Amino acid sequence: MDQATEHSHDSQGSHDHPIDLRKTVRTYLKVGATLILFTFITWGVAYFVDLGDEHLNIALGLLIAAFKVTLVCLIFMHLNHERGLIYKTLLFSMIFFAAMMFLFCLAFYSPIEDSFLKP
Amino acid sequence: MQIPYEVEARPDTGLYNAKVGIWLFLASEVMLFGGLFSSYVFLRLGADFPWPFHELKVLPGFINTMVLIASSVSVVAAWASLKARRYGWYQVNMIITLLCALGFMGIKSYEYYFKFVHYSLKLSDGSVVAGHPKHVDDTHHGDRIAFQADRITINLKSSNLEFLDGLRSGRENAPYGEPETKELKFKTKVEKPDKSFISSDITLTDSWLKEKSEAYWALKEEESYAVIALETQKPLARQSDSDGVKADKQTKVDAINKQIAAVQKEFADKAAAAGLSETILLESAQPLTFLNKEKGLMKYGASEYSFREGTVLHGKLLADTIQFNVDTIDLRQTVDIEKSLVWKHLGTELKQRFMRYSNERVEEFKKHRPKIAEPEKNVVCQRDSLRVEFGNEKKKFMSEEEADSYLHDEKYMISVPRSEKRFYSNFSPSLSPYYAIYFLMTGLHGLHVIGGAIVLGWFLFTGRKMYLRNPEHLANRVEVGGLFWHFVDLVWIFLFPLYYLM
Amino acid sequence: MEAAHSTHTHDAHDPHGHDHGNDDHHHELPWYQKYLFSTDHKVIGVQYGISGLLFLALGFLLMLVMRWSIAHPGEALPGGLRWILHIFGDDFVTRWAPNGVVSGSLYNMFGAMHGTIMVFFGVVPLGFAAFVNFVTPLQVGAPDMAFPRLNMWSFWLFFVSGVLMVFSFFLPTGAAQAGWTNYSPLSATVMRATDAHFWTGQTQWLFAMVFNISASLLGAVNVLTTVINLRAKGMTWMRLPFFTWAMFVIAFLLLLAFPPLEVAALMQLSDQVFGSSFFLPTGLWTKEEGLLNVSGGGHPVLFQHLFWFLAHPEVYVLLLPAIAIVAEIIPCNTRKPLWGYKSMVYGLLVLGFLSFIVWAHHMYLTGMGTVVATFFQFTTVMISVPSVILLTCLMISLWGGSIRFTMPMLFATAFLPMFGIGGLTGLPLAFPFIDLFLHDTYYVIAHFHYVVAPGTLFGLFAGVYHWFPKVTGRMMGTKLGHLHFWGSLIGMNVLFGPMFIQGMAGFHRRWYDGGKSFEMTSHEYFWMNELISWGAWGLGLAQIPFIINFFWSIKGGKRVASDNPWNATTLEWNTPTPPPHGNFLTEPVVYRGPYEYSVPGAEKDYSPQWEPVTAAEEEGLKALPQSAHPWKH
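Chains as they are written, first to last, in the working numbering: chain A, 1 to 119; chain B, 1001 to 1502; chain C, 2001 to 2633.
It cannot be assumed that every hint is accurate.
To be verified - Some but not every residue of chain A turned toward chain C, in silico, with C-beta under 10 Å: (1) Glu54; (2) Leu60; (3) Phe92; (4) Ser93; (5) Phe97; (6) Leu103; (7) Phe104; (8) Ala107; (9) Phe108; (10) Pro111.
Simulated from the structure, these hints should not be mistaken for laboratory data. Since we're looking at a predicted model, the values are computed, not measured. Glycine included, every Cβ here is placed at the ideal spot set by N, Cα and C.
Chain A on its own, in the form it takes in the complex (with noise of 0.2 Å):
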């Protein structure tokens, strides 16, 4: 480690600035405490939590892991400070997973087949 701090002005010409470890370590831990009181938050809601319908239960617990999936992004991942570049990439991926999965259950509306099955 301590051959390893001798690197530590950083000559190489790196574009970044050098980071606060103490701070920076801070801010994830946090994030990583809130992400797993919202694991017992899902868990505790499927059990505990009853909105009086199937799916209105699912939507919680979906939003929740949403809510946590969004706290990876930002935080772990970088996204809130990232390229322009990378945005319109994902925006494209999340379009087009978006799109599949919308247009796959739809295929299950039939309305005109329906006005004739059911009675």
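Since the structure of chain A is provided, determine the placement of chains B and C on it from the hints.
Then chains B and C, alone, in the frame of chain A:
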């Protein structure tokens, strides 16, 4: 020319190559898991069976979520340590990450193992029981088909002696004991074209089978070349007499057909003389008892038993019931509980416990959701009341002695004739589309964990040289590896509620 | 993460060091690293090109056998064709074509493998992988791909997948027989009753596809990173040659569309190997086995969704390389700028985007919901707009040019009407009510073969003739080239033209006897079966001059006079011929747009991207009215 922007960022995009690459790769990973999640939704929406929610044990999944979150923190801390040029901290954090990965895979394999030894049996009326097949000795034999054969038809095209496994597993009753050590003596019978038989004594071994089948196919090939040579003369025969009468053409073709038949007979004789034919009948002096899994089986009846690979046993069926230690009963797909097929096989105590548990759950459901008019028709209520896990009444994970006594406890034992079976499988992908996609998604996720761990381990164990040369380069690598690792974590954050809680 | 490893090749040197004239330390490479396990994008491009051409030939031969069976059902293959079967060994013949007569299974097998090999192992590797690897880094002014080692891995993964695919012919069950689309439950049941347990041609097809998809993903990441991050100084997005733009979009299609097929392949693999029921519905019954011993409860339609989610964008992966190549060749040979470069680029982007949301027009017959069918009908009609923009721009580019009919230009001009026919005949199929009638008929076959065979293949041939001098330093011969061109043009049209008529008469694509055994077939169109097959033999003959030309020219072709034999403007012509490792002698700088031909005021009729704008040119441009500034991008 050197490839530019390997370490430092390109000014206008602000990114170094590997970072562009990994984000593109992650975009495609979004589509990969996106496809899987979409398939999950599609299968769930279109399921024509009760979707098995709340069936997995939550605890292992819960712990694994924690483990992955911890590893995510440590991998990003490892990157920060490198950025701050603290190699020691980098190493510590990387080691934590790798230990987490190891822990994750450990818990995962534990989960998988208990599913693979757990079986589910769906009866033809839709009632389902799950549990463990009855154990005899160390192997479970409750789900084998017992068949006694004195004659065996071997197909030289495809037989591979795999059927002997059944003989091996039935060693208790089999007169020959283990076929590896004892010799399997048979009398072979080969039918000649004139319906007479040639017979000889042989010892059945791999090499015998191989030798016979090679000899037979060599002959067969020779025959087919001779036949093809004649067949190719036919079109010529048809063309040659464009002026002639139609019958003339026909006689030529008939002549060729006759030649072909002669060739075929000649080869059949030759084969019979060498004791060869496509199928060979083996006669055993004593009856052999086979205990076979249903898997490699094509079909069976009271006196015949055919394997997928082509071997047929002749003799009599001894037993084909499935003997089963029940730990779960699921009657969601039957109309009337007491008329269901499984009900007539259950012992009184299990029946009582089932009814008691079921009624309690319905009452509980009514109390929780008073607004729902017909609780018996609600999916959640049905899941709670019509599916009883006897394990839930006891401890979730049994100790070794308990498990042992459970497996031999007559109270939990049911015996179902195979004719009432609709589908029988362990808790593997084959059980239902739900388990199929569960194993596929968690399995793929596990592969990602293994892949990520290998790469991060590579950075940990070989990073020092690069760090001394150019610490920024190593930091970039760890950042890229870390991004992948976070993505893997992120997928799990969705997988956990989707499979374990919903 | 593998991306990170790829930097390894340079680890031995100071990463911020000076440019080594790379030649000196690469001369010492042993031959197998130079030609076989090379990380050089040009060598990899050539490797892809040659394997692509070989697979195209193999796919073509399979088709000849099928065509024989259709034209002459029940007759033994003539000696001239029978040798094709003997490629796969004598056992293969006795098993699948007893007495030399093509059996139904053999037809199915060759049908499935013809499609698979042509699409995934022929056209994509040649059209996309070969050209993108060789040309794109040169066009953007990069010394190599961004991740050279990854690039090598990509090729060898592809190679493994190809070997797996070809070797499935040798399995006792034969190769896959369930069509190139490999629909479940047919694919799950067709070889179920065999003794091979799960190791069947169907399974091997899936394994090969998983490898192929992984190779494509690695390749796509590489291409995208190269274009994004390794563009030379001055190479702005709107100065990228259209070829590179198209390759960029294709790489995106591959990157985002292939994963769902990987999912589908893994699911089907699970169905085959682990006995799961992703795509097997409840109550599945076969003649051999009765009620199948599977859990059921899955959805066959799910496979089609996942498959076509890839396979529709894949259509554009097949097509766009040809458009891209033609867009390079037309300005160069008309000596005027590409008309509507910008609108072509935007059209391309819209096309790429829309191609992701049109997939279910392949599935009108599956009985999916009416709402979703309407949606897909709408998007399908919409996607014809950008396609027509591309084609129209290319056509208008010819207007008023002094066209040089060089070999590449011949193919490029033939591409335009051929692709036009293919594209326009596809439009009716977008409507569910017409598709119900035409689905799986020869009409569909004719439509997409017009797009892919005389369309894409002509574009690819044009590309081969165009860049051959850059790769080898020699031109391909013109006499043999003309033989190849006219033979192919006539052969293709005799081959595919009558299929439209047969298709509308209701001929089904999977009839191995051409419909002879079906009473309801329109008998008056039987003669076309033979005519089409004659077209196929003719097309086969026309490729012989190409093969001779190709190999002879490597050593015996006319040596190029300069590094820029076509007087073209894009950066790849600024390198030595053939380009050395590291490509450019000095770091290239780009000063202008990609297609500046006949710039007013310029002293020659082409102004390459690497030459700064002269004062005379600026004067000349100023003199033009603002609306007539095709040179100003």
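Notebook entry, point to check: For which of the previously enumerated hints does the structure constitute a violation, in increasing order of number?
Noted result: Numbers 1, 2, in rising order.
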